[in-house]
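Engineer: Given next are the chains, with one letter for each unit.
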Amino acid sequence: MSELLVVEDLQKYFPVTRGLVFQKEIAQVKAVDGVSFTLEAGETLGVVGESGCGKSTMARCVARLLEPTGGKIIFDGHDITHLGRTQMRPIRRDMMMVFQDPYASLNARKRVGEIVAEPLDVHGIGTDKDRKRRVQELLEIVGLNPEHYNRFPHEFSGGQRQRIGIARALAINPKLIICDEPVSALDVSVQAQILNLLKDLQRDFDLTYIFIAHDLNVVRHVSDRVMVMYLGKPVETGTKEELYLEPKHPYSGALLSAVPIADPTLGRARKQIVLTGDVPSPINPPAACRFHPRCPRFVDGKCNVDEPELTPVAGAKDHAFACHFPLERWPMGEDEIRRTPSLAGSVD
Amino acid sequence: MALLEVQDLHTRFRTDDGIVKAVSGVSFELDRGKTLGVVGESGSGKSVTFLTVMGLVDRKSAEVEGSVRYDGEELINASGSRLQDIRGRRIGMIFQDPMTSLNPVKKIGWQLEEAVLLHNDVSRDEARRRAIQALQEVEIPRAETRVDDYPHQFSGGMRQRVMIAMALINQPELIIADEPTTALDVTTQAQILRLMKKLQDDHGAAIVMITHDLGVVAELADDVLVMYGGRVVEEAKVDDLFAQPQMPYTWGLLGSLPRLEQVSARLEQIPGQPPSLLHPPRGCAFNPRCAYVFDKCRAELPGLDPAPDKAGHRYRCHLDDAERERIWAAKKAALTGVEGSAA
Chain A
1 MSELLVVEDL QKYFPVTRGL VFQKEIAQVK AVDGVSFTLE AGETLGVVGE SGCGKSTMAR
61 CVARLLEPTG GKIIFDGHDI THLGRTQMRP IRRDMMMVFQ DPYASLNARK RVGEIVAEPL
121 DVHGIGTDKD RKRRVQELLE IVGLNPEHYN RFPHEFSGGQ RQRIGIARAL AINPKLIICD
181 EPVSALDVSV QAQILNLLKD LQRDFDLTYI FIAHDLNVVR HVSDRVMVMY LGKPVETGTK
241 EELYLEPKHP YSGALLSAVP IADPTLGRAR KQIVLTGDVP SPINPPAACR FHPRCPRFVD
301 GKCNVDEPEL TPVAGAKDHA FACHFPLERW PMGEDEIRRT PSLAGSVD
Chain B
1001 MALLEVQDLH TRFRTDDGIV KAVSGVSFEL DRGKTLGVVG ESGSGKSVTF LTVMGLVDRK
1061 SAEVEGSVRY DGEELINASG SRLQDIRGRR IGMIFQDPMT SLNPVKKIGW QLEEAVLLHN
1121 DVSRDEARRR AIQALQEVEI PRAETRVDDY PHQFSGGMRQ RVMIAMALIN QPELIIADEP
1181 TTALDVTTQA QILRLMKKLQ DDHGAAIVMI THDLGVVAEL ADDVLVMYGG RVVEEAKVDD
1241 LFAQPQMPYT WGLLGSLPRL EQVSARLEQI PGQPPSLLHP PRGCAFNPRC AYVFDKCRAE
1301 LPGLDPAPDK AGHRYRCHLD DAERERIWAA KKAALTGVEG SAA
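Residue numbers (our numbering), protein chains in the order written: chain A, 1 to 348; chain B, 1001 to 1343.
In short, the hints are calculated from the structure, not lab data.
Note that this is a predicted model, so its numbers are computed, not measured.
Careful, some of the hints might be misleading.
[What the hints assert, rightly or not] Each computed DSS-like pair below joins lysine-lysine, with the alpha-carbon atoms no more than 30 angstroms apart:
| hint | chain 1 | residue 1 | chain 2 | residue 2 |
| --- | --- | --- | --- | --- |
| 1 | B | LYS1310 | B | LYS1296 |
| 2 | B | LYS1034 | A | LYS271 |
| 3 | B | LYS1310 | B | LYS1034 |
| 4 | B | LYS1332 | A | LYS199 |
| 5 | A | LYS271 | B | LYS1331 |
[As the list claims (entries may be wrong)] Covered stretches of chain A, going by a simulated chain B footprint (3 or more residues, C-beta under 8 angstroms):
| hint | region |
| --- | --- |
| 6 | 95-102 |
| 7 | 186-195 |
| 8 | 218-231 |
| 9 | 252-261 |
[To be verified] Here's a subset of chain A near chain B, in silico, CB distances under 10 angstroms, partners left out:
| hint | residue |
| --- | --- |
| 10 | THR276 |
| 11 | ASP278 |
| 12 | VAL305 |
For glycine and all other residues, C-beta sits at the position ideal for the given N, C-alpha and C.
Turn these sequences into a full structure, and let the hints guide you.
Structural biologist: Structure, rendered in structure tokens:
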């Protein structure tokens, strides 16, 4: 396998300005602040975290829909970090996005055929006849009736619309597809259909995915490797097995234990870390370890003074975490949750 | 006597295309202090059932039949003012999207006070005191100052807390929550669910939890209704439903759920789409998507029959018991087998 995507120390800061005419920068929102990862061809990287942790911004930087503030993005051997629009154009053929909201991401006034053919138009691929044939083929691949070529998006259900979004992403045979919460808006049974479809397509077309979701069950199901993000930084990365069977960072532990279990007996038996409050504002993130105000294992004088680095787990293939006092066992015992979380982490 | 008794409820909407049978003969009971989980896909009629219960469907376009008895009082065809008196005071409601359910140009405190003043003969000051207390109860930090904030100054999870505070402010006996955690992060969802449980313990309110997430149902509910195509297709105690589900649709829902405790290569999927309630299929509404369908399913609607030796467990399915047991045993083995190897 070869490396398709290398991201090094990616940063994206948004300015906070004041003043209408003479805008003065008064602060920065550090939405993404030092994310690094490598993605092999044919792999799926799952990215999880609460809203506001920078996962979508990270994905948009990688797709170069946003200009990164710092760091490096190397896609398929090319440094694309600061390429301009025209220079990006040939590279965009290999990189597509599927968005969360299947209602908002399809132009309501265009027919399905036009929507799916749009990437072909943009890149000037094929004649009209070729395009039509290709679109019908794509509709068939994603499990829609090719005859529905002339329908409008409103004639389809949520799951079918997401299939249209996927067909559009597939139109020009990309290498990388970035899925930003592709199933969050769907019912479970439809969600299962879309997840299975994404897996089949990966197998058939050798796709690489970055899969962003806040549902850990979904991420586990589709990913080979997982990155947990908190306030713009990765706090734990690892293979799916490492992260789900032996989470080290208390935040990963909190996310995992917060997932409702569809089994009343198991659900009653487990221990939960319930985080209080929300993700703090990235304008003024907590000092040192950014998770410390909400952390159940916070130690005063260490966690709020000394920022933990992402350190690899000894002997593990890919597992790394940024924490001074990682979880020792999983599932957690009562003693692992050392103190009751305070309200210190709630937003202002 | 049960707090809420619904008998053979029907709701039909007249539309330009014909009559949509959104709810067709739903019956259930809910006792004080209990939680009823209502599961189903979009369009299964779960929300409309409870909008009808609360008298919130527009009677100009909807026909409603059946009986809804709340604490012994019939609510169908009750007067608008009587319903308004019950809603907000004795029945609290929590909706999915807190951003659209809160008024963006009014302060949180004003909106909470309004709920108090509408139903109680108290002063503004007293109403404000209760508003602050309600915010404290849902664990909003610095409630005394935040009461003067606008909805946009709150995060999604906090707004949902405000909605809960509003639903609880008059200490209702029944809370109807329609997908209250669907738009939230898992961590926030866990906070909200825990909060609802705690408030139920403190005040003894009954909760109706409408959701499509079987995980949420397993966490919170005592009894469960599974709805499909405007009908209840299975009802059971929560443990029975997860241990011994009887209806192929419920199997499908359980199988299509990606789970943390199991690593299967592929999710079981329910093929196709939920039925159109404008032209529902003949016979069992699930028959076009069911893997075990046979002729009888296409001709005849199965009754809501009791399951063998489990009190209160009823389901709609024509499959015979031996066959059903065999299929579920095989499915369960597939699920738990993978579970075992993952542990």
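Engineer: Are the hints correct? Go through all of them and say.
Structural biologist: Status of the hints after comparison with the structure:
1. B/LYS1310 with B/LYS1296: Given pair B/LYS1310, B/LYS1296 holds - Cα atoms ~25 angstroms apart, limit 30 angstroms.
2. B/LYS1034 with A/LYS271: At roughly 23 angstroms apart (the allowed maximum being 30 angstroms), A/LYS271 and B/LYS1034 satisfy the hint.
3. B/LYS1310 with B/LYS1034: Distance of about 19 angstroms is within 30 angstroms: holds.
4. B/LYS1332 with A/LYS199: Distance ~24 angstroms between B/LYS1332 and A/LYS199 Cα, so the pair holds.
5. A/LYS271 with B/LYS1331: 28 angstroms, holds
6. 95-102: violated (count 0)
7. 186-195: holds (count 8)
8. 218-231: Holds: 3 residues of the region 218-231 of chain A have a Cβ under 8 angstroms from chain B.
9. 252-261: Holds, because 8 residues of the region 252-261 of chain A bring their Cβ atoms closer than 8 angstroms to Cβ atoms of chain B.
10. THR276: 7 angstroms, holds
11. ASP278: 5 angstroms, holds
12. VAL305: Violated - the Cβ of A/VAL305 stays beyond 10 angstroms from chain B, reaching only about 25 angstroms at its closest.
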